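A.B. asks: As a plain string of letters, each chain reads:
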Amino acid sequence: DIQMTQSPSTLSASVGDRVTITCRASQSIGNSLVWYQQKPGKAPHLFIYRASTLESGVPSRFRGSGSGAEFTLTISSLQPDDFATYYCQQHYDYPITFGQGTRLETK
Amino acid sequence: EVQLVEAGGGLVQPGGSLRLSCAASGFTFSAYWMTWVRQAPGQGLEWVANIRQDGSAHYNVDSVGGRFTISRDNAKNSVFLQMNNLRVEDTAVYYCVRCPSEYSSYKWWGQGTLVTVSS
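Chains as they are written, first to last, in my numbering: chain A, 17 to 123; chain B, 113 to 231.
No wet-lab data here; the hints were simulated from the structure. You may find that some hints are simply not true.
Taking lysine to aspartate or glutamate pairs in the DMTMM-like style, the calculated list, with each CA pair at most 20 Å apart, reads [what the hints assert, rightly or not]: (1) B:Lys219 x A:Asp98; (2) B:Lys188 x B:Glu113; (3) B:Lys219 x B:Glu113; (4) A:Lys55 x A:Glu71; (5) A:Lys58 x B:Glu158; (6) A:Lys55 x A:Asp97; (7) B:Lys219 x A:Asp109; (8) A:Lys58 x B:Glu113; (9) B:Lys219 x A:Glu71; (10) A:Lys58 x A:Asp98; (11) A:Lys58 x A:Asp97; (12) A:Lys58 x A:Glu71; (13) A:Lys55 x B:Glu214; (14) A:Lys123 x A:Asp98.
Please read all numbers here as calculations on a predicted model, not as lab measurements.
Bound-form chain B, shown alone:
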């Protein structure tokens, strides 16, 4: 069974940093693109970033460019989101998502981890 378990969320002050992780199991992790999607409280879904199977390419939404970095460790079946210089508007539930290809629908989602940026 596919499982995606996010961790690392919490309360952080504006300008601070957090590193989210997503532990994958139940499938061949190295065969899939991985994505982070976020959802601010009471708001809609926003695609954040994705990363190729071997980590050689990654893309992100402009609003997090230069602040967030997606990475992966295929030996540990994990994908990460390093978030620096956090802003209040980054407050959201962050979901880890498995993608069958670079451009695809998202069937498998984690349960999400809440990041709260507040002073």
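If we strip away everything but chain A, and leave its shape as in the complex, we get:
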């Protein structure tokens, strides 16, 4: 199985901060990497696919980058609505696997 490891698990930040979340795969997955945002009690929301393509409607302050086995999600200037949990997911091979999540909280 391909293991997906996110860091950090929790990130404390303030509105206006630039933050970066890292996702590492246990093997190369090309650009088969997706980022989701999830808020409490809600289903995950697709944010970025193919490692760097923003889903329609996602603010441009979000940026995905990387390929192979290392990926990052960067938020250039945190807004109040961005405090949530973020998950990466690989769909390169079965079983499809997710990272453990990064909880972005208010400092």
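Given the coordinates of chain A, assemble chain B onto it according to the supplied hints.
C.D. replies: Just chain B now, kept in the frame of chain A:
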């Protein structure tokens, strides 16, 4: 508008069975792979199983192999998850997800249905 509505969750004892269903609308159901993803309370996301458009192929995570079976009825625009020999660790919210292809990102999710396995 794409809609996915799960049903069938509830409280069940260890060793028991449940059948989840997901009613789809707003798109051509038979054109899409469908997937179940679950999330244990306070935990992360876990892919459970998926099924091809015509039901001819399906895959699942090892931890549910031999216990869970995914199926679909294209005439009823529905996908199902038959869960047998349930364990406490199967307790989770189960989400139904539409997939544009076998290997793809997940844009459309249902609201989820809670399965609680407890004595």
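A.B. asks: A separate judgement is required for each hint: does it hold in the structure or not?
C.D. replies: Hint by hint, here is what the structure shows:
no., hint, result
1, B:Lys219 x A:Asp98, "holds (18 Å)"
2, B:Lys188 x B:Glu113, "holds (17 Å)"
3, B:Lys219 x B:Glu113, "holds (13 Å)"
4, A:Lys55 x A:Glu71, "holds (17 Å)"
5, A:Lys58 x B:Glu158, "holds (15 Å)"
6, A:Lys55 x A:Asp97, "holds (10 Å)"
7, B:Lys219 x A:Asp109, "holds (19 Å)"
8, A:Lys58 x B:Glu113, "holds (18 Å)"
9, B:Lys219 x A:Glu71, "holds (9 Å)"
10, A:Lys58 x A:Asp98, "holds (14 Å)"
11, A:Lys58 x A:Asp97, "holds (14 Å)"
12, A:Lys58 x A:Glu71, "holds (18 Å)"
13, A:Lys55 x B:Glu214, "violated (26 Å)"
14, A:Lys123 x A:Asp98, "holds (13 Å)"
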